[in-house]
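As you go down the protein sequences, you meet chains P and F in turn. Quick note on numbering: the working numbering labels position 269 of the first sequence as 269, and the sequence is numbered without any gaps. Add 1000 to the 1-based position in the second sequence for the working numbering, that's all there is to it.
No lab work stands behind these hints: they were computed from the structure. All residues carry an ideal CB built from backbone N, CA and C; glycine is no exception. Careful, some of the hints might be misleading.
Pairwise CB distance ranges (calculated) [said to hold, decoys possible]: (1) P/Tyr-383 to F/Ala-1234: 34 to 40 Å; (2) P/Tyr-384 to F/Ala-1234: 51 to 57 Å; (3) F/Thr-1022 to P/His-19: 36 to 42 Å; (4) P/His-19 to F/Gln-1028: 42 to 48 Å.
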Amino acid sequence: MFGIFGATLLLSLREIRRHLLRSFLTTLGIIIGVAAVITMVTLGNGVTASIRDEISSLGSNVFIVFPVRTDRGNPRPFEQSDIDAVATQIAGVELAAGSASASATAFHNGQNWTTTVNGVENDFLRAQTIDVVEGRSFSAAEESSGQNVCIIGPKVLDAIFVPGVSPLGSEMRLDSVSCTVIGVLEERGQGGGGQDQDNLVMMPLKTVQRRFIGNTDIQSFVVKYDSSYASSGIQASLVDLLRERRLLQDGQDNDFNVIDTAQVNDALGAATGALTAMVAAIAAISLLVGGIGIMNIMLVSVTERTREIGIRLAIGALAREVQLQFLTEAVVLCCLGGMIGIVLAFGLSYGLASLVDVPFMFDPVINVMSFLFSAVMGIIFGYYPARRASRLDPIEALRHE
Amino acid sequence: MSDAGAPQPLIQLEGITKTFGTGPAAFQALKGVDLSIEKGDFVAVMGPSGSGKSTTMNILGCLDVPTTGIFRFRGTEVQALTRDQRSLLRRRYLGFVFQGFNLLSRTTALENVELPLLYRGESKAARRKAGLKALDLVGLVPWADHTPAELSGGQQQRVAIARALVTEPDVLLADEPTGNLDTERSIEIMELLTDLNRAGITILLVTHEMEMAQFARTIVHFRDGVVERIERGAAADPASPAPAIGATA
Chain P
1 MFGIFGATLL LSLREIRRHL LRSFLTTLGI IIGVAAVITM VTLGNGVTAS
51 IRDEISSLGS NVFIVFPVRT DRGNPRPFEQ SDIDAVATQI AGVELAAGSA
101 SASATAFHNG QNWTTTVNGV ENDFLRAQTI DVVEGRSFSA AEESSGQNVC
151 IIGPKVLDAI FVPGVSPLGS EMRLDSVSCT VIGVLEERGQ GGGGQDQDNL
201 VMMPLKTVQR RFIGNTDIQS FVVKYDSSYA SSGIQASLVD LLRERRLLQD
251 GQDNDFNVID TAQVNDALGA ATGALTAMVA AIAAISLLVG GIGIMNIMLV
301 SVTERTREIG IRLAIGALAR EVQLQFLTEA VVLCCLGGMI GIVLAFGLSY
351 GLASLVDVPF MFDPVINVMS FLFSAVMGII FGYYPARRAS RLDPIEALRH
401 E
Chain F
1001 MSDAGAPQPL IQLEGITKTF GTGPAAFQAL KGVDLSIEKG DFVAVMGPSG
1051 SGKSTTMNIL GCLDVPTTGI FRFRGTEVQA LTRDQRSLLR RRYLGFVFQG
1101 FNLLSRTTAL ENVELPLLYR GESKAARRKA GLKALDLVGL VPWADHTPAE
1151 LSGGQQQRVA IARALVTEPD VLLADEPTGN LDTERSIEIM ELLTDLNRAG
1201 ITILLVTHEM EMAQFARTIV HFRDGVVERI ERGAAADPAS PAPAIGATA
């Protein structure tokens, strides 16, 4: 049986080579379809991964709380006592840390640079897993007395500091406030909300409140909780506590928002996953169209080779053997298209991933699946022409010109 | 062979009719053909166009089935077989030679000859050996690697004969095998068929040329869908049995 199968395979390849251009044009649909599906899924995976990366940069098991505008008026900031209450009164909360920020112009070395000054405590950095790659974070004394020390983001470093010289210990000026650089932040790229996480300067919360915004308002805070607690329970307690402290009546909307990074992560993951699936489905339509092209050309081929089919039948080929021959040809054609498509997709998704700056995430499953799908296309769309070939009347077929 | 007991003809046609189409457009090509062909015979089927000789050949070649009547081949009633069973019968016992040669183009002579063996599932080595042997019989071994386009008509027909012989069939059916050849080539082909017949192969030949029919032992004349008469060909040796009687309906 291998003899006939091997010979059939060989015959198919020869038949494909005989009409090389036609075969290529025929499989173009499959090639484009496979390449499109794989590229879309690969890019989608990359986008999902980069979004997850950004979300996880907010820290895990973390709530971010900020005031929002309501119909009763502008956002109402928090106070330090709110944060202390959250940290002490809710079971499972490991820490709560506020922040306040203002925009400022940084001056150093005769250059200036527009940036954001962020007042935070060390706990804030810890909750959001922001690392200081050079130098150190704030000391307890610096935090409690609000000293003029700062940790600068990598973009600020590049913009106004002398390259190759450590900025640690240098003096810089933010608006009219001068401060000593004690550390450099890790590079973190764009944040989940679109803000630049590298162009900023971190200072102790108290310093920013006193020297930049002139009050003790806290504009947002982070809550890190023990992962063994259910986030929903802690979130509910957090909302209740804040409503109570902010004197909200029953029926009034919250004038603050609690974002659960895990939820955001899941929601964004689901959204990008659904988007990827949809785009891949659209791409799969081109695979289908490619399959129809295969059927079309196989029907032409059967007509062209009617005489050959007649000869084969006359010398004793069984209907299923003739059917197998044409089916093999269609499947081989589709598989070749699938292989070319995979190679094309590899180059395409690699190039596009670096173009749109998402990680290239090679997905073996989608590659194998697309290949198998193209083979199935060959079977589905090769079946009818092959069946037609096998049903020819040998006498008629032999007479065919 | 199973015909050791009661003498049973290799091929037996009884009351064969064949009608093409239905209703008012129906055309009855065969109107009741009775014919017996013994193993080892060389039968030439003659007759004007439309006499039913090609239809008869198609039935004898198991390519077509009669509308009514019984066709026994080696004792098997062929009209009762399925399409695939008839394919297997052709594969096992029959070899075909056509007027138009019907070789696969762009495929070498040897590959053409090997083709029937492919469907028997024989190994590449066995196919090659048998293919070369068959090409040797028709004297074309030096041309084994040539495609039909590179061969003359006579050579192509000899490749076709080699293809028909490669399975060592019981019966060789040749439908106007010399129709596309000049006289000299035609005679070469007929001499080749005569040699094969002497070697034991039953040959059924359709021709409209008396000159070619003279190579046969038995000549069956068709007219208007029936067997008109049967005569001995020039090749019939006196010792051979009298040709089977064909009756008309």
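Tell me, which hint numbers fail for this structure?
1
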